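Place chain H on chain U using the hints.
Spelled out from the first residue to the last, the chains are:
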Amino acid sequence: DGGITQSPKYLFRKEGQNVTLSCEQNLNHDAMYWYRQDPGQGLRLIYYSQIVNDFQKGDIAEGYSVSREKKESFPLTVTSAQKNPTAFYLCASSSQGTDTQYFGPGTRLTVL
Amino acid sequence: AQKVTQAQTEISVVEKEDVTLDCVYETRDTTYYLFWYKQPPSGELVFLIRRNSFDEQNEISGRYSWNFQKSTSSFNFTITASQVVDSAVYFCALSEGSNTGKLIFGQGTTLQVKP
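Those sequence lines, one after another, are chains U and H. Position 112 of the first sequence, counted from 1, bears residue number 112 in the working numbering, the numbering being contiguous throughout. Position 76 of the second sequence, counted from 1, bears residue number 1076 in the working numbering, the numbering being contiguous throughout.
Isolated chain U, as found in the complex (with noise of 0.2 Å):
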């Protein structure tokens, strides 16, 4: 079946310490996005990438770093300079940049 795949559900992280999120799909969709989801608000987005071996901020990148070697990879690499990082991560891809897009089941992260 097509989709979007997030790895792992859940994750634990220590202070310090850097983690990457996984996001795959086999859409064949060219734009991929990385949103953060805080209790009671609506998402922001963090990174987004329209093609391959390209990407741009968003909205609240700072802690962050993504790549996009494979159209179907874009990983989110939360790192120990995001000073709040407990959150739910959703990642989106769409076939083009104003097309709709379509979720994955999210990263619940949680530091310790």
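To be clear, the hints were calculated from the coordinates, so they are not data collected in a lab. Given the structure is predicted, the values throughout are model-derived calculations rather than measurements. Heads up, a few of these hints could be off.
[Stated by the list, open to error] To spell it out: a stretch of chain U is covered by chain H in this simulated footprint if at least three of its residues, at any positions, have a beta carbon under 8 Å from a beta carbon of chain H; those stretches are:
#, segment
1, 45-55
2, 85-94
3, 99-110
For each residue, glycine too, the CB sits at the ideal point set by N, CA and C.
Then chain H, alone, in the frame of chain U:
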């Protein structure tokens, strides 16, 4: 600046009642796209509808209907004869007119449908 406002934080209804979720947006773009997503307790966002700024026709899909009015910058969502399975957080979102696809989300409305 672009903004989406969902003024209703939480709504509680009894099964079979109709319920309307409000969405008001702000944008300077003449071309833009509006979306509704549903987020059940599992957390994944489920796409419900996409509407472009040039199409003001109302849309009905089963028990769901959407009322888009550019004059009031609103894109409201109505669930008819609500069911317990409709309980979720609903997000309205606005896409910039540029080709980035960046979505601006509202804060979300939590809908609880009681049996």
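Results for each hint:
{"no.": "1", "hint": "45-55", "result": "holds (count 3)"}
{"no.": "2", "hint": "85-94", "result": "holds (count 4)"}
{"no.": "3", "hint": "99-110", "result": "holds (count 9)"}
In summary, this structure violates none of the numbered hints.
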